[in-house]
Amino acid sequence: MRQDFVLLFIIAPLFLAVGTALLGRTVKQLGFMLSCACGLILCFCSFMVFGLLQKTPAHIFIYKVGGHLPPFGIALVFDGLSSFMLILVNFISLLVALYSFRYMDRYTDKWKFYCLFMFMLAGMNGLIISGDLFTLYVFLEVASVAGYALVAFGTEAEDLEAAFKYAVMGVVASIFILLGIALLYSYTSTLNMADMAFVLATKPQGALVAFVSVLFLAGFGLKSAMVPFHAWLPDAHPSAPAPISALLSGVFIKTLGVYALARVFFNVLGVSQKALFIMMFLGTVSMVVGAVLAISQRDIKRMLAYSSISQVGYIIFALGLGTPLGILGALFHLFNHAISKTMLFLNSGAIEYSTDTRNMEKLGGLNSRLPVTGSTSFIGGLSISGVPPLGGFWSKLIIILAAVQAGHFIFALIAVLVSIVTLGYYLKFQRFVFLGKLNLGLSKIRGIPLSMTIPVVILAAISIVSVLLLMPFAGHFLDSACNALIAGNLYKDSFWSAIIW
Amino acid sequence: MKNNEIGMSLIVKTITRLTIGLILIYGIYISMFSSAHPGGGFAGGVIIALSFIHIMLAFGKGIALKKLTGKIIVSLMSISALLIICLAVPNFIGKDLREGIPVSDIAISLMVGMGLFLAFMALALMTPHRGQS
Amino acid sequence: MVIYMLCFVLFCIGLYGVLRKRNIIKIIIGIGIMEYAVNLFLIVLGYRVRGRAPIFSSDQQVLNMVDPLPQAVVLTTIVISLATTLLLAAIAIRIYEKYKTFDITKIKRLRG
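Residue numbers (the working numbering), protein chains in the order written: chain A, 16 to 516; chain B, 253 to 385; chain C, 64 to 175.
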């Protein structure tokens with residue numbers, strides 16, 4: 016069986032990005048066409064990977080790059096969690112690429128945007144499928160460097176300041192991660208994740224593993240903006256162009272932060288009660304702080320960015336519970352939040368496109384002029400804050416049930432209260448921007464082109480029907496992703512058996 | 253002597269004129285014969301970039317940029333990156349393509365040389381309306 | 064053991080520079096020092112007393128070679144750190160054009 020198509024996840028975006036750099040200056044709209052093509056190819060490939068996984072035993076397959084056997088060669092690992100993240104990342108990237116067709120008209124040098132966008136996509140895909148820690152680090156840096164440059168893309172004073180803050184904190188986080196990898200290499204003499212888990216299981220867990228855990232928690236925590244390390248996010252995400260804000264908040268922090276954290280802690284280091292408790296505690300603090308700070312924001316995008324901190328807190332909290340139900344809730348909330356937050360950031364870009372302002376107090380009554388944006392924002396806000404028929408309700412319900420089941424009543428209570436606060440600030444957002452009388456201070460309101468509404472409508476439809484993922488007939492999608500994390504240290508065993516198979 | 257007013261003194265310029273070709277040829281040598289000798293695409297590329305930076309320091313920005321504009325540098329870099337990716341794919345899928353190694357070394361040296369020179373140039377002449385590296 | 068500790072001290076000096084200095088350029092230099100400390104640590108990890116270059120030929124044995132993997136890793140991280148340092152320097156120059164200062168306590172238009 017030929018499995019070589021999986022290399023496209025890395026090669027296609029890199030190749031098309033370089034092609035854009037070569038010809039994008041002369042051929043107009045080439046960047047847009049290539050990035051859409053890239054999104055389509057990768058979406059198709061990720062569904063093919065999903066189909067392939069259903070046919071393999073134990074839902075895991077290993078691609079050996081260059082035909083070398085894994086502890087010595089580089090292995091690309093596809094299991095339930097990878098295929099879940101691949102589908103999410105590539106689908107959202109496709110929609111974002113479609114959206115940026117008209118939105119990017121306000122910027123010059125569009126080909127640079129698409130080039131960096133595809134580098135970022137290559138980095139995220141590579142990070143998800145890499146099977147050894149150093150490859151993970153390299154792709155993390157590729158994605159991060161593209162991210163820093165994209166945050167500074169507007170080159171206004173505020174953009175540069177935010178990008179500098181983000182870049183310094185991100186580089187420090189990357190160095191922490193690299194130091195952790197170096198220390199683990201010194202202890203286990205291997206970089207392959209499964210091999211490393213195997214060696215760590217046979218050796219005593221000394222102070223070094225605890226120190227490495229702290230380094231990884233700080234590094235990936237900075238990338239995913241957990242609360243003591245969150246200072247860059249509310250500056251960086253609003254400063255980027257709206258499609259990139261959507262991508263950064265929707266999938267970037269989840270791939271670089273949450274996915275990598277879960278992979279390293281659950282599958283390589285092995286979960287310990289202390290690490291789980293720290294994750295649970297930091298998650299709860301992030302939830303509360305993000306929600307409280309979001310209330311008083313005037314800037315739409317800044318409010319959404321604080322809301323991202325709060326919702327990532329939910330995900331980390333649910334991962335920290337460590338029970339199967341908690342992990343299911345975490346992954347389902349990751350899915351729902353990615354969909355809804357992408358939708359809301361795209362809508363904030365549409366508002367900015369049509370009225371040239373992001374300040375809530377200067378807006379008002381836009382519902383009559385921008386009905387699609389208004390209704391989809393309403394759906395997105397309700398989904399994130401957890402109102403019954405929408406996806407966010409079910410994921411939050413699972414998280415709270417898991418917390419109660421694990422006996423953490425106070426944390427469950429905090430999660431419910433934060434959810435109410437979340438509903439409060441999203442209703443405030445609706446009230447100030449879409450409801451009420453049309454603000455006469457707005458000089459002119461431009462209509463929103465079709466290419467900017469279609470992605471949002473698709474995302475809204477998904478967030479309405481996403482509860483179907485919990486149904487038995489669609490069970491494989493989330494279940495195999497959960498099983499990859501629940502299996503924990505058994506990851507190494509399934510890895511080796513997949514090699515033999 | 254109008255030419256002497258830009259850049260460094262006459263001595264530096266004369267020495268540069270004599271050595272620049274040697275530096276460039278040495279860089280190309282390092283990158284072309286690296287599969288059998290010590291060296292490699294990266295080291296060769298750095299030496300090539302240094303030769304261009306040498307011209308820029310000695311004669312001023314204008315002389316170096318007259319022939320090698322940013323547009324040409326970006327296209328050269330993209331072409332060499334495409335070449336590297338194309339040569340990498342057969343090795344990834346398990347075909348042992350040893351003949352590609354010298355070619356990929358040349359591509360790497362071109363990429364590194366042009367990249368370093370572009371970065372140096374971008375930092376040296378950063379103006380508000382030029383893009384960054 | 065002492066040499067590993069020295070790498071760690073170098074790392075801490077870099078971290079101090081990043082956290083404590085107010086000049087943007089000094090922060091970038093601090094990041095550079097941190098990166099060098101980690102690279103040095105990796106190279107020291109692979110060192111073996113009286114080890115030889117890991118080039119395989121008929122008269123060489125595996126036992127007296129140094130570990131080649133950290134060297135490959137360090138080459139990659141050097142390239143990555145070159146890219147990040149360049150990006151940071153470019154952003155710093157653009158910031159200087161906009162704000163006319165390198166002092167981070169005076170660069171605060173974003174708040175909240």
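Hints are not guaranteed to be accurate.
[Claimed, not checked] Some chain A residues close to chain C (C-beta under 10 Å, calculated; not the full set):
#	residue
1	C60
2	F149
3	Y152
4	V157
5	V160
6	E173
7	A178
8	F179
9	G185
10	A197
11	L432
12	P487
13	H491
[Stated by the list, open to error] Some residues of chain A that are not near chain C, with every Cβ distance over 10 Å (derived):
#	residue
14	A172
15	V186
16	L193
17	L206
18	V286
[To be verified] Simulated pairs of lysine-lysine, DSBU-like, Cα-Cα distance not exceeding 30 Å:
#	chain 1	residue 1	chain 2	residue 2
19	B	K313	C	K84
20	C	K169	A	K377
21	C	K84	A	K43
22	A	K127	B	K318
23	B	K313	C	K171
24	C	K89	C	K163
25	C	K163	A	K127
26	A	K43	B	K319
27	A	K70	A	K125
28	A	K125	A	K218
29	A	K43	B	K347
30	A	K43	B	K265
31	A	K127	B	K323
32	A	K377	C	K171
33	B	K347	B	K265
34	B	K323	B	K313
35	A	K125	C	K171
36	A	K70	B	K347
37	B	K323	A	K79
38	A	K127	B	K313
39	C	K161	A	K127
40	C	K161	B	K313
Think of the hints as simulated: they come from the structure by calculation, not from any bench.
We put the CB at the ideal spot given by N, CA and C, even for glycine.
Against the structure, the hints come out as follows:
no.: 1; hint: C60; result: violated, 26 Å
no.: 2; hint: F149; result: holds, 6 Å
no.: 3; hint: Y152; result: holds, 8 Å
no.: 4; hint: V157; result: holds, 8 Å
no.: 5; hint: V160; result: holds, 6 Å
no.: 6; hint: E173; result: holds, 5 Å
no.: 7; hint: A178; result: holds, 6 Å
no.: 8; hint: F179; result: holds, 5 Å
no.: 9; hint: G185; result: holds, 9 Å
no.: 10; hint: A197; result: holds, 5 Å
no.: 11; hint: L432; result: violated, 23 Å
no.: 12; hint: P487; result: violated, 45 Å
no.: 13; hint: H491; result: violated, 37 Å
no.: 14; hint: A172; result: violated, 4 Å
no.: 15; hint: V186; result: violated, 5 Å
no.: 16; hint: L193; result: violated, 5 Å
no.: 17; hint: L206; result: violated, 7 Å
no.: 18; hint: V286; result: holds, 26 Å
no.: 19; hint: B:K313 <-> C:K84; result: violated, 33 Å
no.: 20; hint: C:K169 <-> A:K377; result: holds, 29 Å
no.: 21; hint: C:K84 <-> A:K43; result: violated, 45 Å
no.: 22; hint: A:K127 <-> B:K318; result: holds, 24 Å
no.: 23; hint: B:K313 <-> C:K171; result: violated, 34 Å
no.: 24; hint: C:K89 <-> C:K163; result: holds, 16 Å
no.: 25; hint: C:K163 <-> A:K127; result: holds, 27 Å
no.: 26; hint: A:K43 <-> B:K319; result: holds, 26 Å
no.: 27; hint: A:K70 <-> A:K125; result: violated, 42 Å
no.: 28; hint: A:K125 <-> A:K218; result: violated, 52 Å
no.: 29; hint: A:K43 <-> B:K347; result: violated, 37 Å
no.: 30; hint: A:K43 <-> B:K265; result: violated, 43 Å
no.: 31; hint: A:K127 <-> B:K323; result: holds, 13 Å
no.: 32; hint: A:K377 <-> C:K171; result: holds, 24 Å
no.: 33; hint: B:K347 <-> B:K265; result: violated, 50 Å
no.: 34; hint: B:K323 <-> B:K313; result: holds, 16 Å
no.: 35; hint: A:K125 <-> C:K171; result: holds, 29 Å
no.: 36; hint: A:K70 <-> B:K347; result: holds, 27 Å
no.: 37; hint: B:K323 <-> A:K79; result: violated, 38 Å
no.: 38; hint: A:K127 <-> B:K313; result: holds, 25 Å
no.: 39; hint: C:K161 <-> A:K127; result: holds, 22 Å
no.: 40; hint: C:K161 <-> B:K313; result: holds, 24 Å
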